[in-house]
Structure formats: C-alpha cells, structure tokens
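Chains as they are written, first to last, in the numbering used here: chain A, 1 to 218; chain B, 1 to 263; chain C, 1 to 223.
There could be a bad hint or two in this list.
These stretches of chain A come out as covered by chain B in the derived footprint (C-beta under 8 Å, 3 or more residues) [claimed, not checked]:
| id | region |
| --- | --- |
| 1 | 4–16 |
| 2 | 77–87 |
| 3 | 143–151 |
| 4 | 161–174 |
Okay, derived cross-link-like pairs now, EDC-like style, lysine to aspartate or glutamate, Cα gap no bigger than 20 Å in a straight line [claimed, not checked]:
| id | chain 1 | residue 1 | chain 2 | residue 2 |
| --- | --- | --- | --- | --- |
| 5 | B | 77 | A | 82 |
| 6 | C | 146 | A | 209 |
| 7 | C | 146 | A | 110 |
| 8 | B | 58 | A | 8 |
| 9 | B | 35 | A | 8 |
| 10 | B | 160 | C | 12 |
| 11 | B | 112 | C | 12 |
| 12 | B | 112 | B | 157 |
| 13 | B | 112 | C | 62 |
Calculated from the structure, these hints are not laboratory results.
These figures come from a predicted structure and were not determined experimentally.
Cβ atoms here follow ideal geometry from the backbone N, Cα and C, with glycine treated the same way.
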Amino acid sequence: MMTFTLWDIVRNLLLGGALTLLLSMVAFVLGGLAALALLFARIAKHRPPRGLAQIYIEIFQGTPLLLQLFTLFFGLSLLGLDVPAWLAAGVGLMLFSSAYLAEIWRGCVESVPRGQWEAGASLALTYREQMRHVILPQAMRMAIAPTVGFAVQVVKGTAVTSIIGFAELTKTGSMIANATYQPFLVYGLVAIGYFLLCYPLSWYAQRLERRLYATRTN
Amino acid sequence: MRTSRFFRPLVLLGALGLGSLAPVAQADVLANITKAGVIKIAVPQDFPPFGSVGADMKPSGYDIDVANLIGKEMGTKVELVPVSSANRVPFLTTGKVDLVISSMGKNAEREKVIDFSSAYAPFFNGVFGPDDIKISKIDELAGKTVSVTRGSIEDLELSKVAPASAVLKRFEDNNATIAAYLSGQTQLLATGNVVAAAVHERSKQRSLGVKFLVKNSPCYIGLAQGETALQNKVNEIIQKAKKNGSLNEISQRWLHAALPADL
Amino acid sequence: MTYQFDFSFIYEYRAMLAHGIAYTVYLTLVGGTVGTLIGTVGAICRTWDIKPFAGLYQCYVELFRNTPFLVQLFLIFFGLPSLGIRMSEGQAAILAIILNVGAYSTEIIRAGLQATPKGQIEAAQSLAFTRWQIFFYVMLRPALRKVWPALSSQIVISMLGSAVCSQISAEELTFVANFIQSRNFRAFETYFLTTAIYFAMAFLIRQSLNLIGRYAIVRRPLP
Numbered sequence: 001m002m003t004f005t006l007w008d009i010v011r012n013l014l015l016g017g018a019l020t021l022l023l024s025m026v027a028f029v030l031g032g033l034a035a036l037a038l039l040f041a042r043i044a045k046h047r048p049p050r051g052l053a054q055i056y057i058e059i060f061q062g063t064p065l066l067l068q069l070f071t072l073f074f075g076l077s078l079l080g081l082d083v084p085a086w087l088a089a090g091v092g093l094m095l096f097s098s099a100y101l102a103e104i105w106r107g108c109v110e111s112v113p114r115g116q117w118e119a120g121a122s123l124a125l126t127y128r129e130q131m132r133h134v135i136l137p138q139a140m141r142m143a144i145a146p147t148v149g150f151a152v153q154v155v156k157g158t159a160v161t162s163i164i165g166f167a168e169l170t171k172t173g174s175m176i177a178n179a180t181y182q183p184f185l186v187y188g189l190v191a192i193g194y195f196l197l198c199y200p201l202s203w204y205a206q207r208l209e210r211r212l213y214a215t216r217t218n
Numbered sequence: 001m002r003t004s005r006f007f008r009p010l011v012l013l014g015a016l017g018l019g020s021l022a023p024v025a026q027a028d029v030l031a032n033i034t035k036a037g038v039i040k041i042a043v044p045q046d047f048p049p050f051g052s053v054g055a056d057m058k059p060s061g062y063d064i065d066v067a068n069l070i071g072k073e074m075g076t077k078v079e080l081v082p083v084s085s086a087n088r089v090p091f092l093t094t095g096k097v098d099l100v101i102s103s104m105g106k107n108a109e110r111e112k113v114i115d116f117s118s119a120y121a122p123f124f125n126g127v128f129g130p131d132d133i134k135i136s137k138i139d140e141l142a143g144k145t146v147s148v149t150r151g152s153i154e155d156l157e158l159s160k161v162a163p164a165s166a167v168l169k170r171f172e173d174n175n176a177t178i179a180a181y182l183s184g185q186t187q188l189l190a191t192g193n194v195v196a197a198a199v200h201e202r203s204k205q206r207s208l209g210v211k212f213l214v215k216n217s218p219c220y221i222g223l224a225q226g227e228t229a230l231q232n233k234v235n236e237i238i239q240k241a242k243k244n245g246s247l248n249e250i251s252q253r254w255l256h257a258a259l260p261a262d263l
Numbered sequence: 001m002t003y004q005f006d007f008s009f010i011y012e013y014r015a016m017l018a019h020g021i022a023y024t025v026y027l028t029l030v031g032g033t034v035g036t037l038i039g040t041v042g043a044i045c046r047t048w049d050i051k052p053f054a055g056l057y058q059c060y061v062e063l064f065r066n067t068p069f070l071v072q073l074f075l076i077f078f079g080l081p082s083l084g085i086r087m088s089e090g091q092a093a094i095l096a097i098i099l100n101v102g103a104y105s106t107e108i109i110r111a112g113l114q115a116t117p118k119g120q121i122e123a124a125q126s127l128a129f130t131r132w133q134i135f136f137y138v139m140l141r142p143a144l145r146k147v148w149p150a151l152s153s154q155i156v157i158s159m160l161g162s163a164v165c166s167q168i169s170a171e172e173l174t175f176v177a178n179f180i181q182s183r184n185f186r187a188f189e190t191y192f193l194t195t196a197i198y199f200a201m202a203f204l205i206r207q208s209l210n211l212i213g214r215y216a217i218v219r220r221p222l223p
C-alpha cells in the first residue's frame, strides 16, 4: 500500500506539475489584466489614481509573497469569507504578479521618448489616441522580453503556495519525499520539473531581448 | 516627499486592519452542516499511522477513518482537508473547517481558542533516536539536537521542561520534522510513539528507538468555540463508537492494539 | 462571536522578534555582499569567455534562475545529506541565498559590462591605461554604477524571499511569526505585523543601498 515505484513518484509529480502550470497561467493572465488597469492608473494625469496604484505596488513589492499568502489565507477567513487554498494561492499570485508587471510595463511606457508624445499632441491627437496609436505600440514591443522573463518568476512563485497547503509540484514532492524517504531523488525530480517549465521561458526571453537590442542599434 | 511615500502605505495597512474589525456573523455550525449535507474535516497527511498518503496521494489512517465514521453517523458527505500541525488551529478559528481530527492533544492554550470533544485515540509523545545515543531521561537532552513539529504538544512540553542547552529545531509540518531526523540533520526526534513506530517500520535509513516518553496526551477532536450542538453530537458519536467496537476496530487496524479501556 | 484583535503579544515576544529581524538582516547583508562578489567574478568570466569557468557559470546561473528558492533549500537541507553533505539550517539558508544572489547578479553585472562603449576602451588605450586600469576604471566601475539600481532591487527581492527559510527551521523573521502563531493562535495579527515589519525593512534596505550607491559607487575618482 505504501510502496512507491519510480513511476508512481513521477506520475504524481507530473500531476502536481500540471497544477503548477495551471496555477501559473491563471495567475499570469489575470495578473496581467490587473496590471494593465494598474498601469493606466499609475501613468494617469490625475494624482489620486496614481497615488493609489503606487501604494498598491509598493505594498506588494515590499513584502514577502509567503506572508501575503498567509495574510490572505487566514485574514479573509476572519471577514467571514471561505477561502480555499487554491483560491488564496491564485488570488495571492495574481496580486503579486500584477504589481511587478505594472512596474515593468510602466518602465517601458516611460522609456518611449517624450518627443513621441509631443509629436502626437501636435497632430491634435487626444491623450487616449496618443496612447493607443503612438505610445503603446512602441512600449509593447519593448515589454515583451521582460514580461516573458517575469513569467519565470510567477512559475517559481507558485512553489511558495505549497506552504499554505496547495498541492502543486513542491507540496506533492514533500509529501512523496516523506512517504518514500528518498528526499534527494524526489526533490531532485521536483527541481528538474521546474527547470523544464522555466528554462524555455528564460531562453525565449533572452532571445527576444537580443533581437530587440539588435534592431535598436542598427 | 520620500517619507510620505513610505507612510502612506502604512496608513492604508492600518485602515485595512481596522476595517477587518467588523464582527463575523456566526451561525450554528451543526445546522449549516446538515443543510449543506457536507462536513469539512481537517486531517493530517504527514503523520502515519494517523494520516499519510499512499501511491494514489489520498490520505488514509486512523484520523481519516474516524472522520469518515463521523460523516456516516451524521448522514453527511465528508470533505477531507489536509492540514499541518502548524495551521490546523487557524483553520478552525477562521471557519475553514468544521472539525479538526488531526491527532490533536488538549492543553490550556488551545482551550482558550477552541473547544474539544471527548478523547478518540490514545497518544504518548516522547523522544526517539538511534541506538548509539544512549539517553533515558529528559535532563540528558542537554547539548542534543531534537527535531520537533512547531506548535505540537511535544513542542510545547519540551519547550517547558527540556534543559536550556538542548536545541529544539522546529519545523512547519511533520513531513519536515521526520525528514530532518532521517536525513541526519538532528540527533533525535520528538513525536508520538505510534508515529515513531510507523516511521521506523517503513524507513530503512536510520533506526528509531524509544528514548523516553514525555507525556500521555490522548487525541481530541477540535471544534470552534461555543458550538455546543455540534460538540454534543460529536461526543455522542464517539461514545457510541467506543461502545459498539467500531473505534476499537480502527485502533486495531492502525495502531495494532486494542483501544485502552480508560480512554 | 466577534473576533477580538489582540496585538499584546508584541511585547511578550519582543526579544524573539528582534532576533528574527536580526537574522533576516544577516541573511540579506551576507547573502547580498558575498552573492554580489560571486556575481562580479561570474560576470568577468562570462564577458571575457574565460574557459572553463564561463561555461560552468552559465550552467550555474541557468540552474538557479530556473528553479524555485524553496526547492533549492529543500534539496540542500533534506537531499544533500544522503550524499554525505550535511549542513545546519543556518548554513543551508545562507548558502542558498548567496548562490541565488550570485546567479542573478552575474547576469545583471554582465549586462552592465557589455554596455561599455568600444570608444571608451579605445580612448583609455590611447591614454596608455594598463589593462587592469581599463578594466577597473573604464569597465567595471561604470558598469556597477549603471546596474546598481537593478542590483539593489535584487537584494531586496532576496530579503523578501528569505522568508521561505523558515521552512527548514532557520530562525529568521517568518519563523518567529510562525512560532508566535503556534503559541497564541493569533494567526492574522501575527502575520499582519510581520508583513508590516518586512515592508519597513524593504524600505530601509532600499534607502541604504541608494545611499551606498550614491556615495561609494557613483562618486567619480578624484582628478
């Protein structure tokens, strides 16, 4: 009943890995949408939305993901909301990703030369039109590489959700390590699993960056 | 400018804290369970023989059998929620589960925040280790490293009575506590006697013998404070299971011993 | 039932909290300093393609940047003993942080070194700078100046990531929070307070690094 073959270990880790992948994608996509809203607030003309977005970003960039998850997981329950581990994990990672993505994208928007805004204004484009037709297309091109790079951080961040009991790859690994008493083998396999998920993303991000750099210097 | 940028978030944090002071509406848990037809029970998944996972990653063990027994008696479905010893009380106080059946011992600190049923399983905790460390009482722990699960009865007990030079290495869950001993990161392991026996039987890495027992602390089912209706119901089920032998059956299956008469 | 908030534990556990803060600061400072040194050496090896170190560094960087910190900790602390390599939780924690900062800073500093304009090096050569002088004054120092903000962010991120070391019983700030929580069951208050402490620490560390950057790195050599 308690004997694990190597295949049992790998099979269960693959299931955990699938959950890691799912959680990463949900957090990344929803986090991206939230980050878009944050980005517009952060570069708005008016102070209040700018300030609020900044506070949000500073809080999530200034505190450990682990404690954000703990506070969310146990704190929301005190308010009478029932938060299962998978939801706390998803929401926590989404909030975390949105803060970082918004900052990355803001950097890209701000690196578009001022002259571009002025050129847009001199063509009598409204703020929205300048954004839509002049600034965002240029910023987006620059944003792709660091955004793909950040996806690696999201995948790695999912490991921390194991501590609040979400049975993704790391949690599955520590459960199996304890049932099989082979921690080196199991954690080694877990590390390989993450590497297989993350390395293609890192590699792709680097390639994009190099290509962008090449076109810009030419 | 810079300081205000720093303090604004703090003010917001404070405001959030105050906002959450609002009272939490608390209904009768038993009525809710009956209405929903599901009872949520926290069980261990890293604590053989009370609860551990097999190759299908489903928990099984003494506590899981008791959880299913209670679900059957109440006529509801059972939703098993795996917890660690460190987070099982918050799971209960924050209403994430209705019952905690996780080989939990009773003590004064815990009784301040949660209520307990009558005892449902025997449990002796103690200190265990390899044959070549010859100690037999608590004073001899001086200078030794012991892995222990943070917040467990053995942690609370050893923190009080162990000599100052004993080093307690506290881990988040039993998985890590046991792994730390087996990988040789600590010299000794503090846990339950049946847990040590189960680990000894299955692992071939490091022998695990009894050094001394610290405390007899039978296991109780934990529930949120003030839920008298639920408490009575649970006690009634335990009483019945003790009488008709179904609890004894569980004990035979997992602990390979009869249920002690004085439990 | 109304949940009563109770922060009185702060006073009771003040010594432990202080210890936890000190431990986290230690992990950050030592991890940040040694990690940056490893990263500088790595960046040099990678930039000049010094064999075989350039290849080794590349493997190291990719391995550490593409696996979670928590898994690295587990592998070092629980896994390595079965190969006969055993270290305490404190050693495992600091080693994992150093190796992480090292991996990230290798890439950060390398980007700075590569951004040195060719003309600057040629100018220095025409002024009869030695190779060492060119390396130090024309390449490394301006590179560090350029990437200092990125390095600082990385060190703050490592500080926040060090919270995970609590999982192998290293007694840093999050460990203390978990410990208090397991004694008084005030999960929310404890985590809330700890989060606020981390927030303040992140701010202070960032400001200190800015100051160091302004006075030690950015300052130009006297004429």
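Verification of the supplied hints:
{"no.": "1", "hint": "4–16", "result": "holds (count 5)"}
{"no.": "2", "hint": "77–87", "result": "holds (count 7)"}
{"no.": "3", "hint": "143–151", "result": "violated (count 0)"}
{"no.": "4", "hint": "161–174", "result": "holds (count 6)"}
{"no.": "5", "hint": "B:77 x A:82", "result": "holds, 18 Å"}
{"no.": "6", "hint": "C:146 x A:209", "result": "holds, 18 Å"}
{"no.": "7", "hint": "C:146 x A:110", "result": "holds, 18 Å"}
{"no.": "8", "hint": "B:58 x A:8", "result": "holds, 13 Å"}
{"no.": "9", "hint": "B:35 x A:8", "result": "violated, 39 Å"}
{"no.": "10", "hint": "B:160 x C:12", "result": "holds, 16 Å"}
{"no.": "11", "hint": "B:112 x C:12", "result": "holds, 18 Å"}
{"no.": "12", "hint": "B:112 x B:157", "result": "holds, 17 Å"}
{"no.": "13", "hint": "B:112 x C:62", "result": "violated, 50 Å"}
Hint compliance for this structure: hints 3, 9, 13 are not met, and every other hint is.
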